[in-house]
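**Q** The residues making up each chain are set out below.
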Amino acid sequence: MSTVDLHTLTGAYALHALSDDERGEFERHAADCEACTQEALELSETAARLGLAVSAASPAALKSKVMRRITTVRQDSPRVVPLTRPPGSGSRSRRLSRWALAACVAGVAAFGGTTVWQYDRAQDANEQARQSEQRTDAIASVLAASDARTKSAELADGARGTVVVSKSRDEAVFIAAGMAAPPSGKVYQLWFNDAGTMRSAGLMDSHRTAEAVLLEGAVDEASGMGITVEPAGGSAEPTSDPIALMTFPA
Amino acid sequence: MKEAVHIGKNPSAEPDLQELMGSVALGDQQAFAGLYDVVAGPVIGVVRGVLRDQAQSEEVAQEVLVEVWRSAARYRSERGSVINWVLTLAHQRAVDRVRSVEASAAREHRAALLDHAPEYDEVTEQVEARLEREQVRRCLRTLTELQRQSVTLAYYRGMTYREVAESLALPLGTVKTRLRDGLIRMRDCLGVTA
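Protein chains in written order, with UniProt numbering: chain A, 1 to 250; chain B, 1 to 194.
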């Protein structure tokens with residue numbers, strides 16, 4: 001499809017009226033086309049207004065069902081994974097089209113904030129599950145690496161932190177146990193310690209007190225890691241004193 | 001230039017919704033109950049319109065609302081309004097269900113739909129039934145007949161543009177541009193910004 005043709009797909013895209021292949025093609029085009037992106041966003045907001053216009057009565061039974069279910073549903077956090085795999089993620093991921101996969105990879109690559117697709121396929125739960133699975137695999141790979149070295153330390157208030165570093169993979173995993181939930185509106189942020197300079201290594205899930213997190217980025221020359229309490233969403237550099245500092249195992 | 005109008009409380013309610021979403025993302029169930037009250041009606045309306053089946057609609061609406069809870073942390077306000085995020089999810093899930101190979105019953109139903117005359121008038125009737133939907137109704141009327149038919153079949157029936165083309169016996173390229181032109185006209189009429 002030509003570029004001009006792709007640009008005229010903004011309307012069909014916003015209305016979910018494209019096939020999966022076309023959708024992928026459009027999204028790849030739009031990644032480099034600011035005008036298309038902006039137009040697709042506006043038309044998507046417009047489509048939402050069409051949706052608001054057909055609002056229907058909500059059965060009371062549905063609300064109780066949903067409210068009951070959410071008490072058992074673990075919330076996603078963009079940068080961390082639970083220790084167990086999401087159920088059924090394996091079979092689901094096999095059904096993804098190659099375009100969906102491409103969009104997924106693009107979504108991951110664009111995680112720094114360059115993607116503007118609130119609603120792109122990479123954010124769909126199925127793919128999130130697949131990404132989670134990949135990260136779970138990455139964690140497992142670090143833990144299972146032949147050169148994995150482990151070090152544990154007592155953190156504040158009886159919590160325990162364990163860091164596992166694999167030099168060959170240049171990756172590290174932090175495993176927390178018994179950490180208190182961060183204050184409301186705050187998150188725990190992890191940092192690599194590069195000779196006194198803190199480099200962000202991602203966020204921890206606010207809702208779990210025990211989890212394994214693959215530190216984002218390469219270990220490189222980092223000598224250790226730290227944890228700080230940051231505003232929700234994390235910070236570019238620490239805004240408070242670390243609540244814990246650990247040196248990496250030699 | 002046409003006068004921009006807004007539907008009911010939606011645009012002014014958005015800051016509250018964003019605040020609610022922030023709390024929901026942090027696991028606040030009470031905040032989710034508040035968000036639910038605002039979005040459940042539109043979610044059910046959108047899903048039911050596309051699926052045309054009570055039981056399936058409720059099932060999909062339930063999945064969508066639980067997914068809102070589960071993935072709340074991934075909402076980014078700079079990429080659109082909360083209601084757009086939720087309704088995009090709802091519409092996408094409904095469309096996925098309709099197009100899914102597993103939902104053979106739905107597929108047969110869909111084939112039956114395509115055999116019949118377009119049902120956009122029925123949708124338009126539903127839209128007309130509610131006073132607060134006046135703006136959307138008024139704006140839909142500013143569209144050409146082909147634009148209006150294309151947009152309503154795609155959105156309210158969850159058809160692909162190929163199906164719309166087939167249904168209205170129009171060339172594919174024509175439907176593509178009608179969908180875009182129609183939505184652009186709606187955007188300008190409703191005063192939508194993003």
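Don't read these hints as lab results, they were simulated from the structure.
Please read these numbers as outputs of a predicted model, since none were measured by experiment.
Where a beta carbon is used, it is the ideal one built from N, C-alpha and C, also for glycine.
One or more hints might be untrue.
[Stated by the list, open to error] In silico negatives: residues of chain A with every beta carbon more than 10 Å from chain B: (1) Asp5; (2) Ala14; (3) Glu45; (4) Ala57; (5) Gln75; (6) Ala148; (7) Thr150; (8) Glu154; (9) Gly158; (10) Ser166; (11) Ala180; (12) Asn193; (13) Ser240; (14) Met246.
[Said to hold, decoys possible] SDA-like, lysine to any residue: derived pairs with alpha carbons at most 25 Å apart: (15) A:Lys186 x A:Ser200; (16) A:Lys63 x B:Asp28; (17) A:Lys65 x B:Glu59; (18) A:Lys65 x B:Gly27; (19) A:Lys63 x B:Leu146; (20) A:Lys63 x B:Asp96; (21) A:Lys65 x B:Arg52; (22) A:Lys167 x A:Val219; (23) A:Lys63 x B:Leu26; (24) A:Lys65 x B:Asp188; (25) A:Lys65 x B:Glu63; (26) A:Lys65 x B:Glu67; (27) A:Lys186 x A:Ser141; (28) A:Lys151 x A:Lys63; (29) A:Lys167 x A:Phe248; (30) A:Lys65 x B:Asp96; (31) A:Lys186 x B:Gln18; (32) A:Lys65 x B:Gln62; (33) A:Lys151 x A:Gly185; (34) A:Lys186 x B:Arg52; (35) A:Lys63 x B:Asp53; (36) A:Lys63 x B:Arg74; (37) A:Lys63 x B:Glu19; (38) A:Lys63 x B:Gly191; (39) A:Lys65 x B:Ala55; (40) A:Lys186 x B:Asp53.
**Q** Look at each hint and say if it fits the structure.
**A** Status of each hint after checking the structure:
At roughly 8 Å from the closest C-beta of chain B, the C-beta of aspartate 5 of chain A falls inside 10 Å, breaking its exclusion from the interface. With a least CB separation of 6 Å from chain B, alanine 14 of chain A falls inside the 10 Å interface cut-off, contrary to its annotation. Consistency note on glutamate 45 of chain A: stated as away from chain B, yet its beta-carbon is not over 10 Å from all of that chain's, at 5 Å minimum. With 10 Å as the threshold on Cβ separation, the claim that alanine 57 of chain A sits away from chain B is violated: the shortest Cβ distance comes to roughly 7 Å.
Its closest Cβ contact with chain B, about 6 Å, brings glutamine 75 of chain A to no more than 10 Å, contrary to its assignment away from the interface. With 10 Å as the threshold on Cβ separation, the claim that alanine 148 of chain A sits away from chain B holds: the shortest Cβ distance comes to roughly 30 Å. Non-interface status of threonine 150 of chain A relative to chain B is upheld: no Cβ of that chain comes within 10 Å, the nearest being about 30 Å off. In this structure glutamate 154 of chain A is separated from chain B by more than 10 Å, as the shortest Cβ-Cβ distance comes to about 27 Å.
No Cβ of chain B approaches the Cβ of glycine 158 of chain A within 10 Å, the least distance being about 22 Å, so the stated non-interface status holds. Its beta-carbon lying about 28 Å from the closest one in chain B, serine 166 of chain A satisfies the requirement of being farther than 10 Å from that chain. Every Cβ of chain B is farther than 10 Å from the Cβ of alanine 180 of chain A; the closest lies at roughly 14 Å, confirming the non-interface assignment. Annotated as non-interface, asparagine 193 of chain A keeps its C-beta farther than 10 Å from every C-beta of chain B; the closest such distance is 27 Å.
The Cβ of serine 240 of chain A sits about 18 Å from the closest Cβ of chain B, beyond the 10 Å cut-off, so the non-interface label holds. For methionine 246 of chain A, the non-interface assignment is confirmed: its Cβ lies about 26 Å from the closest Cβ of chain B, beyond the 10 Å cut-off. Using a Cα cut-off of 25 Å, the hinted pair lysine 186 of chain A and serine 200 of chain A holds, with the two alpha carbons roughly 16 Å apart. Between lysine 63 of chain A and aspartate 28 of chain B, the direct Cα distance comes to roughly 16 Å. Compliance with the 25 Å bound is thereby established for this hinted pair.
For the given pair, lysine 65 of chain A sits about 11 Å from glutamate 59 of chain B by alpha-carbon distance, which is consistent with the 25 Å threshold. For the proposed pair lysine 65 of chain A and glycine 27 of chain B, the alpha carbon gap of about 18 Å is at most 25 Å, so the pair holds. Restraint check: the Cα-Cα separation between lysine 63 of chain A and leucine 146 of chain B comes to about 38 Å, which exceeds 25 Å; the hinted pair is violated. For the hint linking lysine 63 of chain A to aspartate 96 of chain B, the alpha-carbon distance of about 23 Å falls within 25 Å, and the restraint holds.
Taken as a hint, the lysine 65 of chain A and arginine 52 of chain B pair is honoured in the structure, with Cα atoms around 21 Å apart against an allowance of 25 Å. Proximity of lysine 167 of chain A to valine 219 of chain A is assessed by CA-CA distance (about 8 Å); at most 25 Å being required, the pair is judged to hold. Between the alpha carbons of lysine 63 of chain A and leucine 26 of chain B the distance comes to roughly 20 Å, so the proposed pair stays at or under 25 Å and holds. Restraint check: the Cα-Cα separation between lysine 65 of chain A and aspartate 188 of chain B comes to about 39 Å, which exceeds 25 Å; the hinted pair is violated.
Distance check on the hinted pair: lysine 65 of chain A and glutamate 63 of chain B sit about 11 Å apart at the alpha-carbon level, within 25 Å; holds. For the proposed pair lysine 65 of chain A and glutamate 67 of chain B, the alpha carbon gap of about 13 Å is at most 25 Å, so the pair holds. Distance check on the hinted pair: lysine 186 of chain A and serine 141 of chain A sit about 30 Å apart at the alpha-carbon level, beyond 25 Å; violated. Our distance criterion of 25 Å between C-alpha atoms is broken by lysine 151 of chain A and lysine 63 of chain A, whose separation comes to about 47 Å.
With a C-alpha separation of about 11 Å, the suggested pairing of lysine 167 of chain A with phenylalanine 248 of chain A holds against the 25 Å cut-off. Pair hint lysine 65 of chain A plus aspartate 96 of chain B holds up; C-alpha atoms about 22 Å apart against a cutoff of 25 Å. For the hint pairing lysine 186 of chain A with glutamine 18 of chain B, the CA-to-CA distance comes to about 17 Å; that is within 25 Å, so the pair holds. For the proposed pair lysine 65 of chain A and glutamine 62 of chain B, the alpha carbon gap of about 8 Å is at most 25 Å, so the pair holds.
Distance restraint check for lysine 151 of chain A and glycine 185 of chain A: the Cα-Cα separation of roughly 30 Å exceeds the 25 Å cut-off, and the hinted pair is therefore not satisfied. Between lysine 186 of chain A and arginine 52 of chain B the alpha-carbon distance is near 43 Å, which puts this suggested pair outside the 25 Å criterion. About 19 Å separates the Cα atoms of lysine 63 of chain A and aspartate 53 of chain B, which keeps this hinted pair within 25 Å; it holds. A distance of roughly 23 Å separates the Cα atoms of lysine 63 of chain A and arginine 74 of chain B; the hinted pair therefore holds under the 25 Å criterion.
For the hint linking lysine 63 of chain A to glutamate 19 of chain B, the alpha-carbon distance of about 21 Å falls within 25 Å, and the restraint holds. About 32 Å separates the Cα atoms of lysine 63 of chain A and glycine 191 of chain B, which puts this hinted pair outside 25 Å; it is violated. For a cut-off of 25 Å, the pair hint linking lysine 65 of chain A to alanine 55 of chain B stands: about 14 Å separates their Cα positions. Only pairs whose Cα atoms come within 25 Å are accepted, and lysine 186 of chain A paired with aspartate 53 of chain B is rejected, the gap being roughly 43 Å.
The structure shown violates the earlier hints numbered 1, 2, 3, 4, 5, 19, 24, 27, 28, 33, 34, 38, 40.
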